[in-house]
Structures are given as C-alpha cells and as structure tokens.
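A.B. asks: Mapped onto our numbering, the consecutive letters of the sequence shown carry residue numbers 260 to 1097.
The reader is advised that the hints may include incorrect statements.
Claimed, not checked - Derived pair list, reagent style DSSO-like, types lysine-lysine, alpha-carbon separation capped at 30 Å:
no.: 1; residue 1: LYS549; residue 2: LYS826
no.: 2; residue 1: LYS549; residue 2: LYS828
no.: 3; residue 1: LYS355; residue 2: LYS552
no.: 4; residue 1: LYS686; residue 2: LYS659
no.: 5; residue 1: LYS1004; residue 2: LYS1039
no.: 6; residue 1: LYS856; residue 2: LYS833
no.: 7; residue 1: LYS461; residue 2: LYS735
no.: 8; residue 1: LYS497; residue 2: LYS409
no.: 9; residue 1: LYS1004; residue 2: LYS933
no.: 10; residue 1: LYS659; residue 2: LYS828
no.: 11; residue 1: LYS922; residue 2: LYS1004
no.: 12; residue 1: LYS1004; residue 2: LYS549
no.: 13; residue 1: LYS922; residue 2: LYS1039
no.: 14; residue 1: LYS766; residue 2: LYS826
no.: 15; residue 1: LYS409; residue 2: LYS1039
no.: 16; residue 1: LYS461; residue 2: LYS497
no.: 17; residue 1: LYS856; residue 2: LYS1039
no.: 18; residue 1: LYS610; residue 2: LYS655
no.: 19; residue 1: LYS933; residue 2: LYS856
no.: 20; residue 1: LYS552; residue 2: LYS610
no.: 21; residue 1: LYS409; residue 2: LYS766
no.: 22; residue 1: LYS735; residue 2: LYS686
no.: 23; residue 1: LYS933; residue 2: LYS922
no.: 24; residue 1: LYS933; residue 2: LYS355
no.: 25; residue 1: LYS766; residue 2: LYS461
no.: 26; residue 1: LYS1004; residue 2: LYS833
no.: 27; residue 1: LYS766; residue 2: LYS856
no.: 28; residue 1: LYS922; residue 2: LYS826
In case anyone wonders, no lab produced these hints; they're calculated from the structure.
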Amino acid sequence: MVEGVDGERGMAVADPPLGPVRGIVADEVLARFIDAMEERGLTLYEEQEAAILELYEGRHVILKTPTGSGKSLVAGALLFKTLCDGARAVYTCPIKALVNEKFLALCREHGPENVGLMTGDATVNARAPVLCCTAEILANIALRGGERAKIAAVVMDEFHYYGDAERGAAWQIPLLMMPATQFLLMSATLGDLGTMEQALEKRTRRPVVTVSGENRPVPLEFSWSEDPLLQRVENLLKAGEAPIYLVYFTQRSATEAAQGLLATNPCTREERERLDSHLAEVDFSSPFGKDLKRWLRHGIGVHHAGLLPRYRILVETLAQQGLLKLICGTDTLGVGINVPIRTVVFTQLWKYDGRRSAILAVRDFRQIAGRAGRRGFDVRGTVVAQAPEHVIENRKAEEKAAAKGGRKGPRRSAPEGVPVWDEQTFKRLQSAPNETLLPVMAMNHGILLQVLGREDDGCAVLRRLIREAHVTPHRKRELRRRAWALFRALVTSGLLTLRARGGQGPKVRVNMELQEDFSLHQSLSLFFIETLELLDPDHPEYALQVLSLCESILENPDTILYRQVDKLKEELVKQLKAEGVPYEERMERLQEVEHPKPMRDFIYNAFNAFRERQPWAGEETIRPKSIARELYEDYLSFSEYIRRYGLQRAEGLLLRHLSQVYKVLAQTLPVERKTEALMEMEAFFHDLISDTDSSLLEEWERLQNPTLAPRAGPTASPVRRTVDPFGDPQQLRPLIRRAALERLKAVQGGYASPEEAAHFAPFLSERGRIRLDPEARNAKHAHFLEDAPVGTIILCQTLVDVEENNDWEARFRITMAACQAAGTVVLELESVRPIGEY
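From just these sequences and the hints, can you work out the full model?
C.D. replies: Put into structure tokens, the structure is as follows:
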C-alpha cells in the first residue's frame, strides 16, 4: 500500500493499530516494526532507517529532514519500542490543534487505550502509556520531578520552537530536567544546534546523533506570479494543481478570501454532491456555521485559530479525503497540521508579528512552503508567490495602455508601512540558510512553585536549572535576579515558608492547598491570589468580583473588545443625536468610549499597591474587561454572545478566552476561596465550553467504541456521558437546575412551546418578567421535594421577579429512567403557581 492521504505520518488511517508486544528484545522489536511497515507497503528512506537504528541503540536523535520526509514514522518507531518495553512515552507539539490531531492519529496507530491527551484545555486518558501533550505540560512534568519521572522517551515535534521568544523555555526545560529520558527532536527547519547537542549529551550522559537530509520525497517547483490572484487560482485549477493552500497572515483576510473565491467554481456537480452527502450530518449551528457550510459545499475551506475546533477538524478531515480544492488559511496551517496540499500560494511574503511588519523569516517560509506536494500522489509540489498588489495593478495598467497605444498613467506604490518584496526576495527565501535558533529560558511563578513544591531540595534544583540553562552567562545572571525577586514575593505573600534553621525536611514549603491541576500559568496569577484577600466572600456580588479579577489578568482578545467599543459608540451616537448634541461634541465624546471595565478603580488601585510591594511586576500590565462576566450576567449562550457583537469570524477567539477564564477558576482559584456561587459559575463555564465544542472528546470515544453513534447538535457532552450522572440523583441535580433555567430563558425570550408559554402567562401578567441575572439563578431559589416518588425528582424553582416578591414557583418532574434513556435531562413542567397554592 502506498502512503496516501495520511501524508508524513507514514501510516494509513485504515490500517489496524500497531499495538505493543511486551517482553521482547530491541532487535526483535525493530524487526517487527519493519515487517509491519512492509506489510503496509512502506519502504524506509535512508534517513528514516538511520534515525530508527540510532534510537533503538538508545541514543538521542535530532532529525532534520524536509517536510513530507516521514519524520512521524520515526517517532512511531520510538513509541512502538517504548510500548513494547512496558515503559511510558510523551509526544509533544507546539500548538493545541496539532496536539489534538497527533492524539487522534496515535490512537489509530497504537490503539486508544494506549494513548492519552493533555493540553490544559482538555484531558483524556491521562495515565495512558503514550501521552500526547503541549510542550508546557511536559515542562511542568519535568519541573515537578523530571529526574524521577518514569518517562522513557520523549518526542518533541516542530523542535524549532526551542528558539521561540515566548515559549522556548518550555522546550528547553525537559532537556535540562529529565536526564534519564531519551529524546527525539524533530523539525524540517533546524539550524546549527551544536551547543545544545553538547549540553544535552553532557547532562544525560547519552550520545546525541544528528540525522539530516535535504532531499524531499516530493520535490518543489517555485513560481513567481504577477497575475491577479483570482486569475492565478483559476489557472492552477485548470492545470490540475489542486488542492491549493492560499496563505494569509490574518484570520480576517483568510475568511474574506473564501467568499471571493466562490467565483472560481472549483468543483464539478458530482464533487459538490459528494460534499453535500458528507456535510448532511454535520452540526453548523454556531453563527459562523452558515457561511462555512456554503463555502465547503463549493470545495472551499477556511482554516485558522479563529474557528471553533470542530470546524477546523472538519476542514482537515474533508481535505484528507480529497474533497476540498481550495483552503484559505493562516500560517498556522504550516505547523505540521495534516492537510494534504499540492500547491501553496503565498498571497504576500511579509507578516505582522505583533510588534512590527517584516519579510518572512527563512524558517517560516520553508515551514509553510514545505506543505506542498502529496507523497504518493504528486511527482512535485508547487509553490507560488504573488507579487505585491500594486505591482500587479501597475502591470495591468501598462498592458492596457499599450493595447490602446496611449500613455502610461501614474504608477501605484506600496501602502505606507508595508514591507516591499519582489522576485529576488522570493528566491532568497528559497536558498538562504535557516536562521540560527537562539535558546530561550524564562523564570516565572509557575516554575518556582513547581520546583520548590518538590519533595527533594527544590532550591538546589532551581539553582541547577539556571546554571545549566542553554543561555549566555549574562542571561543566567538575569534569571537568578528574577528568580530571587519572585521567591521573595512568594514568601512575602505567604505562599512559601522557609524552614527554621536546624529543622527537618525541605528548606521551603508551599503553603497553599494546591489542586492536582493547580496552575499559575498567567504572569499575574499571584496578584489574583493576593487580591482575593481584599474581597468579602459574603458580599452579594463576590462571585462576579472574582470573575472580573480573573479576566483582568488575562490577555486582551482585542477583536472582541473592539466590537464592544463599536457597539457602545453606536448606542452613544443614537443617544447624542436624540439629545441634539452638536457634531463636534459628539466626536469628542466618542473618543472617550472604551470597553467595559467592571471594578476598574479597585483593580487599578490594588495592582498599583501590588507593584509597589513587588518590583518585578513593573513590567506587567493589568487588563480589566468584561467578556465572560457580561455573558454570565446576561445569561447568554455562546451563539447569543457571538451575534450580539457580530463575532462570527472570531468564534474560536471567544472560546479560547472563556476556556482561559475557566482554567483560572478551576486551577488557580484556591479551593478555600470557592463559594457555592463560584462553584456554580465554574460549572456554568465548563458546560458552556463543553457544549459549544466537544468534538475532540467525542472522536476519542468513537475510537474506543466504533459503534457509538455521533450525537447531534452542539449540546452533546462526552464528559457527562463518561461520568454518567443520569443514574445518580446527586450528580443529576445541578444539571436539572441548569436545564430548568434554560426553560425559563426560553419563556422569557419568547421561544418556548405554546403549551409551556400558556403555563407562565398568569405569572408574566402579574409580575412582568422572569429575572435571570446571577442572583435569580442562585441555587437558593431551587429546592427538591424530599417525598418525591422513587425514581422521580421534583424540582421547585422559585420565579424571581423584578420587585423581588419571589412568590411564584414552577414545578418540574424528572424521571430517572427517562434521563438515562435519553442521555440528557428530561424535564416535564407540572405547574406554575403562587407558592401559597401548593
């Protein structure tokens, strides 16, 4: 069998899992692995064979071969050996989308019972012998006790992130803290790593071997284009060069391009019918789903971080099945996501990295260009670079003038601030060497707490971590100063206690009762924890205050905040016009509008005081905002919030922000500070996130049980199905209360059934409306009858009204057997009456 749509992975999805065979020697393991590959029609390349032999001899391997040369097959060989040895292995990737994809691929290759997942957002089968995780998760494992961690092998995919300015430390820490572990470091774009190789060999006392190669299984052909993009795409389609990946560097431009490409009509009628059959059962219920479905029906995909994960997975799946002709994506698609592509079209050769606009780095260019060419399908891959738009327009104007015999008009120039590129730039990116990877090390609260919370001498371990870091002596001195400042801050805050002189045990003790998945993953998490002490848990808005404090330490999702400001400006303009305010004054007032910042004065004052006590915090910024709080206070669904601000193209951004909020509430908020209202809030965000997109967990369940039918709609929650609360009344009660509140919301919103609306009509006539703010949703307004019949639960939900009479009640009957059969809460409204009438 030829390696087909599974591309670089080296194993076809349809093949049976390559499960472990315990208790056999390395030579026999190798022989069995090679036999399995031959049975699948795969012949190892020279570099693959060399790397696998070195790994089976117990050496570290740095694998530097081009994209599409089968590096993942080498990783599979190491994982297979580790499983056969009865040991544990970790496969780590730079981005969560790639971790998710690798997790599912490894489930198919080695069996779902042998593979687990940890990304910080999702955890599945975490104690499995093969763990697929982000680099940050692996770094945490290493910091907590990497010397003792029973991890025999680690695969670090896309290892060029070792030099990433923001995340490089997570890629370096395992190399420093896991001396007994064997490493496979893989990337298509590594430069010289001589210093790192020497340090790794010295630290682990294990030889390091570099296996490199320049030959691609599918060679690339490069082409410069001065045709308009639409014309070039049509020509590529006619020439049979699809699938085509059009590279954009903003989510907005990638999404807008999909609409314009409908004019190319890339699919035949038969191909559209095949797409329709695949899309018929797909849930497109989110606000963006309607647009995406329309593009997908024409063979046009969109892929970027702003999409919900289930949509990204759908695009990848359709592409792997050869059903998409065009994919408009950001450069994240070039980070190893398994989307088979024949042609890569760079719409520009520069990007804005958050600080400045600059021509692409050679490494970035090659990483993306390397996606071209499908092994087993294409004899070559095509890489096209579009000339700048003003160059294309000038050429068109010249040709038009020449055809008419007229004079040339004024020439257009590049927009201000946009880097200029030309064909020579394109050629340089093809031939120049990769930039040298500069190692990165950082120091933060999370690192200190992980290390100092160890049972051994954490202080000595921390000193060694800094001493052996792959950075300059000057940088090591900076790290020591930073670590000392953070250490003093943790002691001052009471999170750490020093052992008395002459005492027994560790020199430092962590004083917090840390949750198992505790995290100080935000740089200002310590501010969050300290400032909690200033809040009164008995205050009626304590939970909302904690939520605002939580959001203030998170990065700003600027797109969402801009939309909030736009909406506030629209409302203010209407108000000012109605009041007859002059135009000039209206413009001045509009300049003052900013996004909502609950508790702004309290948060700013608390942060200023914190910064005075903690000098290291001077480089940090606090960011009050109200996204999760607005959604929670107004009891909005995910889709309702998206529609309120027109965020259809940024659904993934909102989901990530809400996931970060949930993570702080679940992992950073100390258990002793969690009131009942906060636990309700935590459950609210958990369910909101799970209900919005649970595609990854559903796919894992399906791998474990292929006969499991997919559940329709976004409300399918595999977390609930795994826990199975429907047979336990105590677990079921919180779900019942939330289901009842959704029914009240339907009544208040005017979309309840006519029969149900009729039940509530007397209440609405007398009391006006049902309140659904956080106070109205408090658990104290719901109680369960103790004398309900066996197998039945009766919920009595107080209807909170505007004047707080709170003298009406809705009663719901729940039959346990019906809930178990349906796999969800089944509510039957019995009555709506004044409480005194019961």
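A.B. asks: A separate judgement is required for each hint: does it hold in the structure or not?
C.D. replies: Here is how each hint holds up against the structure:
no. : hint                : verdict
1   : LYS549 <-> LYS826   : holds, 23 Å
2   : LYS549 <-> LYS828   : holds, 28 Å
3   : LYS355 <-> LYS552   : holds, 24 Å
4   : LYS686 <-> LYS659   : holds, 29 Å
5   : LYS1004 <-> LYS1039 : holds, 18 Å
6   : LYS856 <-> LYS833   : holds, 22 Å
7   : LYS461 <-> LYS735   : holds, 19 Å
8   : LYS497 <-> LYS409   : violated, 55 Å
9   : LYS1004 <-> LYS933  : holds, 27 Å
10  : LYS659 <-> LYS828   : violated, 45 Å
11  : LYS922 <-> LYS1004  : holds, 27 Å
12  : LYS1004 <-> LYS549  : holds, 24 Å
13  : LYS922 <-> LYS1039  : holds, 26 Å
14  : LYS766 <-> LYS826   : violated, 54 Å
15  : LYS409 <-> LYS1039  : violated, 47 Å
16  : LYS461 <-> LYS497   : violated, 56 Å
17  : LYS856 <-> LYS1039  : holds, 29 Å
18  : LYS610 <-> LYS655   : holds, 25 Å
19  : LYS933 <-> LYS856   : holds, 23 Å
20  : LYS552 <-> LYS610   : holds, 29 Å
21  : LYS409 <-> LYS766   : holds, 25 Å
22  : LYS735 <-> LYS686   : violated, 39 Å
23  : LYS933 <-> LYS922   : holds, 14 Å
24  : LYS933 <-> LYS355   : holds, 29 Å
25  : LYS766 <-> LYS461   : holds, 28 Å
26  : LYS1004 <-> LYS833  : holds, 29 Å
27  : LYS766 <-> LYS856   : violated, 42 Å
28  : LYS922 <-> LYS826   : holds, 28 Å
Checked against the numbered hints listed earlier, the structure breaks hints 8, 10, 14, 15, 16, 22 and 27; every other hint is satisfied.
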